[in-house]
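So the chains spell out like this:
2 protein chains.
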Amino acid sequence: MSHLSPLSASELSLLSAEERATGLRLACEAIIRGPLLVYVPAQSQRSQQTVRKTVTESAIPICPAVRKVSLKLSPATMDDGEGDADRLFKCLSEAHGLSNLHIDFCALRQLSDVLRQSNWQITATIWMDREVIAVEPSVSSMILGAAVDIGTTTIACYIADLATGKIIATESAMNPQVAYGEDVLSRIGFATQEPDGLKTLQSAIVGELNRLLVSATDEVGLKPEDIMDLVVVGNTTMHHLFLGLTPRYIGRSPFTPAIQRAANIKARELGVAVNRGAYVHLLPNEAGFVGADNVGVMIAEKPYLRDEVSLIIDIGTNGEILLGNKNRILSASCATGPAFEGAHIAFGMRAAPGAIERVRIDPATLEVLFKVIGKNEWQTLYSSEEIGARGICGSGIIDAIAEMFRCGIILKNGKMNTDLISPRIIVGRDSRPEFVLAWAQETAIGANITISTSDIRAVQLAKGALYCGAKILLKKYGVAVPDRVVLAGAFGSYIDKESALAIGLFPSCPIEQVHSVGNAAGKGALLALLNLNERAEAEHVVTAVEYVELAMEPDFEREFYQAMQFPHMIDPVASCTSRQVRKTQPIT
Amino acid sequence: MSHLSPLSASELSLLSAEERATGLRLACEAIIRGPLLVYVPAQSQRSQQTVRKTVTESAIPICPAVRKVSLKLSPATMDDGEGDADRLFKCLSEAHGLSNLHIDFCALRQLSDVLRQSNWQITATIWMDREVIAVEPSVSSMILGAAVDIGTTTIACYIADLATGKIIATESAMNPQVAYGEDVLSRIGFATQEPDGLKTLQSAIVGELNRLLVSATDEVGLKPEDIMDLVVVGNTTMHHLFLGLTPRYIGRSPFTPAIQRAANIKARELGVAVNRGAYVHLLPNEAGFVGADNVGVMIAEKPYLRDEVSLIIDIGTNGEILLGNKNRILSASCATGPAFEGAHIAFGMRAAPGAIERVRIDPATLEVLFKVIGKNEWQTLYSSEEIGARGICGSGIIDAIAEMFRCGIILKNGKMNTDLISPRIIVGRDSRPEFVLAWAQETAIGANITISTSDIRAVQLAKGALYCGAKILLKKYGVAVPDRVVLAGAFGSYIDKESALAIGLFPSCPIEQVHSVGNAAGKGALLALLNLNERAEAEHVVTAVEYVELAMEPDFEREFYQAMQFPHMIDPVASCTSRQVRKTQPIT
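Protein sequence lines, in the order shown, are assigned to chains A and B. The number in this note's numbering is simply the position in the first sequence, starting from 1, with 325 added. The number in this note's numbering is simply the position in the second sequence, starting from 1, with 325 added.
Hints should not be assumed to be uniformly reliable.
Copies of one chain are not kept apart here, so a pair can be met inside one copy or by any two copies together.
[To be verified] Only pairs whose alpha carbons sit at most 35 Å apart, straight line, appear in this in silico DSBU-like list of lysine-lysine:
(1) 548 - 524
(2) 737 - 397
(3) 651 - 524
(4) 800 - 700
(5) 524 - 591
(6) 801 - 415
(7) 651 - 740
Calculated directly from the structure, the hints in this document are not laboratory data. A quick note: this is a predicted structure, and the numbers were derived from the prediction, not measured.
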């Protein structure tokens, strides 16, 4: 029986046949009779959904580092021949009470022409009430900022209107440094061992950021020069590579960063092509392996304001964990590797059209339902040619492993159960068993898409690292389980929570206390962009957080070994019907 | 009779025959019996003389903007993993009481390696107790600064040891912008009308400065990277062109500079190749045509501390005048043109070997004695081939005109007296009379070196501009004559004061109250380099000085016309014997 009431008379009259075919229902008419996951179409949401690395928008009080002021100066005359900059400072002091100001050198170079072009009526952009960073002729109130999250694998950029706090454009791309090393350690190796390695990596990330800033501002008919402020977060290595600081000593004991505190650096010194006078603010780093991105997560989630103990897992190429409440916060870094981002997985790929992102396996027949990004329905609703699967992204991998474990295809120790007879269990190129998710004819690559034994191993290592890290922090903190779990990161927002629990990605917690918050690091950057108080808060909390070097903990190896195992099922089988899909349509 | 006692027995025994032949005497033995000018050999002076644009060294209290501190940091450990920069700040705070410090971005890039190379014992260079601008491994106390005077025609650069205040190297060169325009107005035209004009001029001056800094530091076995601080002065146009600020509005009424107040700009932003973290400090500008160079003159001469009324004339391509005492200071700018620097004079040349720098004419015979730079004696002591005159420099021109006027060759209105019969009075190429200073055979150019009617005109215009400016300021100030006259500028230090008085370069003043102080603008830059209090004083006095726009004065045209005339002789004829020559040897 369906968990939803049949279409009402009103729905039949108001919804088109096409809309009805997509499963669309009216919330005011449909009656829910059992567990159900509901998808709210983009057009009914407050803002359009954007692909991956989205941040959750919420009402952020606005108090940015930069502001524009309109000024009417008295023109220079023979009797009043004061210099242009001196005249500007005088006006800012008299009309806006701003004293002891400086002027950016590039702004100074423009000032004289701008004043006369605009008949002495200009708009000045002031940074931190300290420095005139730009001058424009005539009245201009549009003032943009960019929040940038530099991940090891991806880079995301949010353009905000600093007057309203609204995100007006979002862009993301691969971190081009991937070509020089997949993870943090290989990047450190490249930067420190190759000739001009650091410069190569710095130029690569800045070049990509500049491209993102062009396309993001272009979306809204503006230009990168309209960007007057930036906040950048990243793990400590990304932070250092972006600034051109050697990451050599982050990579070796005692893993010391070149700078922990927040930094303000002229964008032009870094080659970042925004307004010539703009600063880049970098949130502080916690430690060698817990960087400004985790500080971003912290101010976005603010576990330090809560009574409940939060376990916050930021899943990227590196996994970062925060545990605590208003009394105490611990942090740790886990070398998960890029398995969750599709790397080190035979058919792994980024979350892009064609990627298998959802998997369900029938325990009786071992038949597979999967959904690829770009299609709304499970693959069985399309002809073979239409499906066009190209690989598996992170959430698809978690789903597949969880389902294979649930159906007994994978054993507790991660080995494939070769006693099972199914055409989907085949012998791979390495003579070890593989499980076929998509048959060659269902793909765009003309080959079976499979999960291999070594794929399972990569996921075990990754999830083991996170689970073990969380366990050690819980023990140090003196609690058995967290009150709530927050999954952050591009990946966290697409993960199926039950599948994640099923494979043991994090210690057990009631499913309703598991929250996906999307790119919290990016959201933290955005908060710091929009509100100076958040920057102050970041500087404050970074000194309070206790960093735990997991590898130094006596329990580490034992915990890690145990965490690699697959756990007993907590919540044996939930009907496929109740699982999240992208439409309300139940799967039968 | 000689004005000097004959050689004593001691002198005969102590001085070599060669030394005696050069006229060398011992100050403890020789008895002076009449007017005499004494030349102190370079080796007996406190410092070696350098050619032109020298500054007068005096005891300057040292309080520079930069200082080096030696630090021993506690190494990072697993228990103390604080970031490198944070550790540095902590150490500077604990050991030196310096708080709220920043670190220059380029210094930050070096910090981690430097700390570890030097086993955590480093030297940090601190600017204004505000910013760490450089870090070096191990102990280093040598700290250099550069004072730079950018003139319209020449650029001079003094390298000082900021620990001792001693000038350790001096270099000067032509301002390469001369190729794009001889005076301030033609430079403004080039900068504002030619494509990339401003950029071309900015690059030219910075390129030349960089070459000077290399050769100056090379002289003393050091490198431009050892320079940690710079102070630059120049007239307002040179100031703007050096910074890449448009000089457009200095060139048109109301002649407003882009910035008057002092500025601190990172040298690297300007392309100045010194230490990457160093700042350039620019002294404030007084007005559109009285710039930071005049502020340099002011703090070097400090007329505002005196009871007597000083008239300070800084003679360059532009002439700048200061008049006043502790109660009030007036300033003005005079468009003298480059005649005093040898330009716009048919045989004019810079003060370089071969230039005629001294001239005496016998009123009876109209025969000429002259001295060229590079030779110690009047030309009559050399064979024709040895003389090698190439042209006339500024002091030679003043001497020549003064002597020609004294001997009646030039009339009061500047015309040549064609009633005189002399083989030296010839008809020039423009069919107007010329006076031959050097016969072709006495030159290295194979042609007579002459003073033409238009040369006299150029000098009249130049001296007229200065005289008229001084007269107008005196009138405004309410005094008839100044208590003292100070001649500043490269040219001022080589001028024959009596010749200058004779042609009416400045209003009459007792000759003993006329002082030549050399490159006072450069000395002011040096003071500001060595002592922060001088920078503060400059900022203060610049607001107190009253700038007078001469062309706006009702008397200007009449005064200028009168000032072009040659004056009645004040002190009819002084014997050649008493005139300054470069050796004590009297001329007979």
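Hint check:
1. For the identical chains of this complex, residue 548 and residue 524 are neighbours both inside a copy (26 Å) and across copies (25 Å), given an alpha-carbon limit of 35 Å.
2. For the identical chains of this complex, residue 737 and residue 397 are neighbours neither inside a copy (74 Å) nor across copies (55 Å), given an alpha-carbon limit of 35 Å.
3. When the C-alpha separation of residue 651 and residue 524 is checked against a cutoff of 35 Å, the pair qualifies neither within a copy, at 41 Å, nor between copies, at 57 Å.
4. In the homo-oligomer, the alpha carbons of residue 800 and residue 700 never lie at most 35 Å apart, since the shortest distance is 43 Å inside one protomer and 91 Å across protomers.
5. When the C-alpha separation of residue 524 and residue 591 is checked against a cutoff of 35 Å, the pair qualifies both within a copy, at 18 Å, and between copies, at 22 Å.
6. In this assembly of identical chains, the alpha carbons of residue 801 and residue 415 lie at most 35 Å apart only when taken from different copies (29 Å versus 57 Å within one copy).
7. In this homomeric assembly, residue 651 and residue 740 never come within 35 Å of each other (Cα to Cα): the closest approach is 42 Å inside a single copy and 95 Å across copies.
When each numbered hint is compared with the structure, violations occur for hints 2, 3, 4, 7.
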